[in-house]
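Each chain, written out:
Protein chains: 2
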Amino acid sequence: MEGGEGRGLGCQKTMGGKNDDATNGSNKAVIPSCCLKARASDPEYEAKCHSTVVSGWFSEPQTCPEKTPKLMYFNNPMWPGEAHSLRVEKILFKERSEFQEVLVFQSSSYGKVLALDGIVQLTEKDECAYQEMIAHLPLCSIKLPQNVLVLGGGDGGVLREISRHTSVELIDICEIDKMVIDVSKKFFPQLAVGFDDPRVRLHLGDAAEFLRKAPEGKYDAIIVDSSDPVGPAQELVERPFFETIARALKPGGVLCNMAESMWLHTHLIQDMISICRETFKGSVHYAWTSVPTYPSGVIGFLICSTEGPPVDFLHPINPIEKLEGAVQHQRELKFYNSEIHKAAFALPSFVKRELSL
Amino acid sequence: MEGGEGRGLGCQKTMGGKNDDATNGSNKAVIPSCCLKARASDPEYEAKCHSTVVSGWFSEPQTCPEKTPKLMYFNNPMWPGEAHSLRVEKILFKERSEFQEVLVFQSSSYGKVLALDGIVQLTEKDECAYQEMIAHLPLCSIKLPQNVLVLGGGDGGVLREISRHTSVELIDICEIDKMVIDVSKKFFPQLAVGFDDPRVRLHLGDAAEFLRKAPEGKYDAIIVDSSDPVGPAQELVERPFFETIARALKPGGVLCNMAESMWLHTHLIQDMISICRETFKGSVHYAWTSVPTYPSGVIGFLICSTEGPPVDFLHPINPIEKLEGAVQHQRELKFYNSEIHKAAFALPSFVKRELSL
Chain A
1 MEGGEGRGLG
11 CQKTMGGKND
21 DATNGSNKAV
31 IPSCCLKARA
41 SDPEYEAKCH
51 STVVSGWFSE
61 PQTCPEKTPK
71 LMYFNNPMWP
81 GEAHSLRVEK
91 ILFKERSEFQ
101 EVLVFQSSSY
111 GKVLALDGIV
121 QLTEKDECAY
131 QEMIAHLPLC
141 SIKLPQNVLV
151 LGGGDGGVLR
161 EISRHTSVEL
171 IDICEIDKMV
181 IDVSKKFFPQ
191 LAVGFDDPRV
201 RLHLGDAAEF
211 LRKAPEGKYD
221 AIIVDSSDPV
231 GPAQELVERP
241 FFETIARALK
251 PGGVLCNMAE
261 SMWLHTHLIQ
271 DMISICRETF
281 KGSVHYAWTS
291 VPTYPSGVIG
301 FLICSTEGPP
311 VDFLHPINPI
321 EKLEGAVQHQ
331 RELKFYNSEI
341 HKAAFALPSF
351 VKRELSL
Chain B
1 MEGGEGRGLG
11 CQKTMGGKND
21 DATNGSNKAV
31 IPSCCLKARA
41 SDPEYEAKCH
51 STVVSGWFSE
61 PQTCPEKTPK
71 LMYFNNPMWP
81 GEAHSLRVEK
91 ILFKERSEFQ
101 EVLVFQSSSY
111 GKVLALDGIV
121 QLTEKDECAY
131 QEMIAHLPLC
141 SIKLPQNVLV
151 LGGGDGGVLR
161 EISRHTSVEL
171 IDICEIDKMV
181 IDVSKKFFPQ
191 LAVGFDDPRV
201 RLHLGDAAEF
211 LRKAPEGKYD
221 AIIVDSSDPV
231 GPAQELVERP
241 FFETIARALK
251 PGGVLCNMAE
261 SMWLHTHLIQ
271 DMISICRETF
281 KGSVHYAWTS
291 VPTYPSGVIG
301 FLICSTEGPP
311 VDFLHPINPI
321 EKLEGAVQHQ
331 RELKFYNSEI
341 HKAAFALPSF
351 VKRELSL
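Chains A and B, in that order, are what the protein sequence lines are. All residue numbers for the first sequence refer to the UniProt record's numbering, where the first residue is 1 and numbers rise by one. All residue numbers for the second sequence refer to the UniProt record's numbering, where the first residue is 1 and numbers rise by one.
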């Protein structure tokens, strides 16, 4: 899992078996199978894993004993050997839902932060990048989308973005954890405003279950705005799930799926792409963008179309600048534009090679 | 300096006065002027600054007392409220040169790391992104570059990349700190190999001084591969410096200058762009790319051309894939390609607005 020059760019696989629960205190993080193999061969591995803090508190070293601001320190077996820390002004919320630990805090330099099971989901400062890209990469690639499904996305940010598209008539959202929605409404109103759109229908429950019951060919676009594939979202990177997505899409419909980091997770991305190449008969692409508070500072998107009218993702047929009122709806677009849309599909050479793209 | 939703995207100015030295232990970090103003108005500011560790050691919390791996924890007044940490396998080198503290360590997941005055300059895992982009963005934008000047770049990585261009006859490099070169030759041979190219002429000394003595119109391209604008590199963001660069370039010559982070430093970038718009009569652009171990996970490039034959940076006239032997020279390109070149100029909407681009 840990890279260096001799091992290329250090691809780290994160898909693990289900219920392989290496519970660490208050956290439900699962150790992926590749980490398990490393553990079997490395007598010091247990100690290394246990000595890392997964979503924990610690104080900075006491250079000024009378003042010790606290940091939230984010590390995880999915990105070993590194961590990002954010200075905490105040903890605003910290509770365990039925599914995960939900944490909200005011940071010094990224605004309010939402973390689930010790992993940053969004910050006020940089959420615009993720929310705008995951919504508009698919929706600006097809003409007049009508029915859109969001899986996950309980913070409401993606709903806010989908709302810019006046052609959309129905926005179904299936979120498993009501606490995420409630917390967002309380602490992140600029994302939760997405729930105010009258076209939104909220379904509380399991995404895979919802999809199995969805009518065939119902949706123009499905957006999978999930957390990382451990815990509640681990089913959302497996073949049956992608097959039910493809079934629920119209011909020439599009999927946009959160797809990890090209610096850290190319094995996982490769697996997802392989499954999607067999499942989505239109096209399969990978795109990426900058999100400073995600591990390695980037996030990727798996973007696919079903068989039917061809979809040219690289040259958006439905540019947001030409949709009346779209750029300014609710709040002006901060990140996405048609140039950034096209640019997102340009991959570094090592990524093209590793993903055979 | 510290952002949040109410303050837009949290631009942080980093240009400070010279010799404003708030020395913190073994570190020569200078507090930029904006931080000084904040300090004057915030009685707790001193405590906050002093309580952060600038390039320091600390051990992770002792969840496993018998095993406490160490982390190198990087934070800095130039990016307040956050830090990136890398797990350390072994310290390989740690000495103070005439100019700065030079640190090399073996990290667990990013290979070997070079830090100067507590700021990561490069890691083996992701150096490809920075070195390849800063070299090929300018060199692939002009036909048959002959004379190239590198300011800074003592690790040799940019030289390695320039060497791919067979049209180049002369590569002048002016580096102020010999220790950086020696350390790179010892610990980063895959970058220092750049010094082996017979076209390279090394000049040890001050970059601004070197430029003042350079013949007018000598260079096709000048690449400023500097550290951040505090310490030895602080002169390298000021007007006289850009004026001497423009003077040393041929008509239709190009500058490519390291230019910070679009998430953190738009004020500094604005200042640089304003100066360059008055100094470079051809064109002025800003580009960016992903480098996980730089603050906020991105680095930007200021790219300018002098008056003369027009340079179209967005459509490289000298694509690397068409230069015989270039992609494979010494080691295969890992990051840069013509698609990524064009994509680098696509800016998020907030950046376009803040930089008036």
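There could be a bad hint or two in this list.
[Said to hold, decoys possible] In silico EDC-like links for lysine to aspartate or glutamate, alpha-carbon gap of 16 Å or less:
{"no.": "1", "chain 1": "A", "residue 1": "143", "chain 2": "A", "residue 2": "321"}
{"no.": "2", "chain 1": "A", "residue 1": "352", "chain 2": "B", "residue 2": "332"}
{"no.": "3", "chain 1": "A", "residue 1": "185", "chain 2": "A", "residue 2": "196"}
{"no.": "4", "chain 1": "A", "residue 1": "342", "chain 2": "B", "residue 2": "172"}
{"no.": "5", "chain 1": "B", "residue 1": "352", "chain 2": "A", "residue 2": "169"}
{"no.": "6", "chain 1": "B", "residue 1": "143", "chain 2": "B", "residue 2": "354"}
{"no.": "7", "chain 1": "B", "residue 1": "352", "chain 2": "A", "residue 2": "339"}
{"no.": "8", "chain 1": "A", "residue 1": "352", "chain 2": "B", "residue 2": "339"}
{"no.": "9", "chain 1": "B", "residue 1": "334", "chain 2": "A", "residue 2": "354"}
{"no.": "10", "chain 1": "A", "residue 1": "352", "chain 2": "B", "residue 2": "321"}
{"no.": "11", "chain 1": "A", "residue 1": "334", "chain 2": "B", "residue 2": "354"}
{"no.": "12", "chain 1": "B", "residue 1": "352", "chain 2": "A", "residue 2": "332"}
{"no.": "13", "chain 1": "A", "residue 1": "250", "chain 2": "A", "residue 2": "332"}
{"no.": "14", "chain 1": "B", "residue 1": "218", "chain 2": "B", "residue 2": "182"}
{"no.": "15", "chain 1": "B", "residue 1": "342", "chain 2": "A", "residue 2": "339"}
Please keep in mind that the hints were generated in silico from the structure rather than gathered at the bench.
Evaluation of the provided hints:
1. A distance of roughly 14 Å separates the Cα atoms of residue 143/A and residue 321/A; the hinted pair therefore holds under the 16 Å criterion.
2. In summary, the hint linking residue 352/A to residue 332/B is supported, as the alpha carbons are separated by about 13 Å, within the 16 Å threshold.
3. Taking the CA atoms of residue 185/A and residue 196/A, the gap is near 10 Å; set against the 16 Å cutoff, the hint holds.
4. At roughly 36 Å between alpha-carbon atoms, residue 342/A and residue 172/B are farther apart than 16 Å, so this suggested pair is violated.
5. At most 16 Å may separate the alpha-carbon atoms for a hinted pair to count; residue 352/B and residue 169/A exceed this at roughly 32 Å.
6. Simply put, residue 143/B and residue 354/B have alpha-carbon atoms about 32 Å apart, too far for the 16 Å limit, and the pair is violated.
7. A hinted pair counts as satisfied when its Cα atoms are at most 16 Å apart, and residue 352/B with residue 339/A qualifies at roughly 11 Å.
8. Distance restraint check for residue 352/A and residue 339/B: the Cα-Cα separation of roughly 11 Å lies within the 16 Å cut-off, and the hinted pair is therefore satisfied.
9. Between residue 334/B and residue 354/A, the direct Cα distance comes to roughly 11 Å. Compliance with the 16 Å bound is thereby established for this hinted pair.
10. Straight-line distance between C-alpha atoms of residue 352/A and residue 321/B comes to about 15 Å, which keeps the hinted pair within the 16 Å bound.
11. Taking the CA atoms of residue 334/A and residue 354/B, the gap is about 11 Å. The hint holds against a cut of 16 Å.
12. Straight-line distance between C-alpha atoms of residue 352/B and residue 332/A comes to about 13 Å, which keeps the hinted pair within the 16 Å bound.
13. Between residue 250/A and residue 332/A the alpha-carbon distance is near 30 Å, which puts this suggested pair outside the 16 Å criterion.
14. Under the criterion of a C-alpha separation no larger than 16 Å, the hint pairing residue 218/B with residue 182/B is inconsistent with the structure, at around 28 Å.
15. As the CA atoms of residue 342/B and residue 339/A are separated by approximately 10 Å, the hinted pair is consistent with the 16 Å bound.
When held up to the earlier numbered hints, the structure conflicts with 4, 5, 6, 13 and 14 and fits the remainder.
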